[in-house]
Amino acid sequence: MSKDLREEIIKYGKIIYAGKHVEGTGGNISARIPQDRNLFMITPSGMSYNELKPEDIVICNLDGEIIEGNRKPSIEKNMHAEIYKVREDVDAIIHTHSLYSTALAIARTPLPAIEAGLALIGDTIDVAEYANPGTKELAQNVAKTLGEKGAVLVANHGLVAVSNNLKGAFKIVGQVEHGGRLYFLASTAGKVFMIPKKECEEIRQFVVKKYGQK
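Going letter by letter, the sequence shown gives residues 1 to 214 in the numbering used here.
Among the hints, erroneous ones may be present.
[What the hints assert, rightly or not] Derived pair list, reagent style BS3-like, types lysine-lysine, alpha-carbon separation capped at 30 Å:
no.: 1; residue 1: 171; residue 2: 3
no.: 2; residue 1: 167; residue 2: 136
no.: 3; residue 1: 136; residue 2: 85
no.: 4; residue 1: 14; residue 2: 197
no.: 5; residue 1: 171; residue 2: 191
no.: 6; residue 1: 136; residue 2: 20
no.: 7; residue 1: 85; residue 2: 191
no.: 8; residue 1: 85; residue 2: 197
no.: 9; residue 1: 72; residue 2: 11
no.: 10; residue 1: 167; residue 2: 20
no.: 11; residue 1: 72; residue 2: 53
no.: 12; residue 1: 72; residue 2: 20
no.: 13; residue 1: 14; residue 2: 3
Think of the hints as simulated: they come from the structure by calculation, not from any bench.
Treat the numbers as computed from the prediction; the structure is a model and nothing was measured.
All chains should be built: construct the whole structure from the sequences, respecting the hints.
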């Protein structure tokens, strides 16, 4: 199925590794298969992003079962499956261990909408309760806390970003990490103020209707 989608997953794997959003073989990436929305492709467990080939990408169903592939899928396959189950609008998921995002997750500190880029993702990026990596409990915690937003912090673990495509999911990774860095810097300067919820919604509506070359 779809060699192009496999290659796009590999491309973003190399991007998150080069951008230091992960160390070693950490993190994982998946994309829903357009021809069958009950299936998704996901990166394999414990393999270097720079060495991945299209045939290394694994296909799973929404129960986390392997449908196609000779590799073990990422241990977080259940987390990806759970998100796809509850979010029909999501077609791509990127899980990273980005520095500032993970620091906030370790501190169990939600990231408020302190600038417009974060307001587009949600009023606040919440922290999912801790559960061990690869468990169904973690999968449920992440999907529940994510809700309808574009990102969620995973306690003592990292960041999960979702979108309707991989480009969008990676953009959210960058926005959250940038916002996390701003949050840390602003905290050293004084009190941190968030954009009020009403204004967050106005920003989202403005971008949908007026921003860019439409």
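- Please work out if residue 85 and residue 197 have their alpha carbons no farther apart than 30 Å. 28 Å, holds
- Task: With a cut-off of 30 Å on the C-alpha distance, tell me whether residue 72 and residue 11 pass.
- Result: It holds: about 20 Å lies between the C-alpha atoms, which stays within 30 Å.
- Within 30 Å, alpha carbon to alpha carbon, are residue 85 and residue 191? Distance ~39 Å between residue 85 and residue 191 Cα, so the pair is violated.
- Query: Hey, residue 136 versus residue 20, does the alpha-carbon distance stay inside 30 Å?
  - Reply: 27 Å, holds
- Item | 30 Å limit on alpha-carbon distance, applied to hinted pair residue 14 and residue 197 | 36 Å, violated
- Is it true that the CA of residue 171 sits at most 30 Å from the CA of residue 191? This hinted pair holds, its Cα atoms lying about 27 Å apart.
- Is it true that the CA of residue 136 sits at most 30 Å from the CA of residue 85? 13 Å, holds
- Task: For the pair supplied as a hint, residue 72 and residue 53, confirm whether the alpha-carbon distance does not exceed 30 Å.
- Result: 14 Å, holds
- Message: Need the status of pair residue 167, residue 20: alpha-carbon distance at most 30 Å?
- Response: Within the cut-off at roughly 17 Å; holds.
- Message: Check whether the Cα positions of residue 171 and residue 3 lie no farther apart than 30 Å.
- Response: The hint holds at about 23 Å.
- Are the Cα atoms of residue 14 and residue 3 separated by 30 Å or less? 17 Å, holds
- Item | Pair hint residue 72 and residue 20, alpha-carbon separation not exceeding 30 Å | The hint holds at about 24 Å.
The structure does not agree with the numbered hints 4 and 7 stated previously, though it agrees with the rest.
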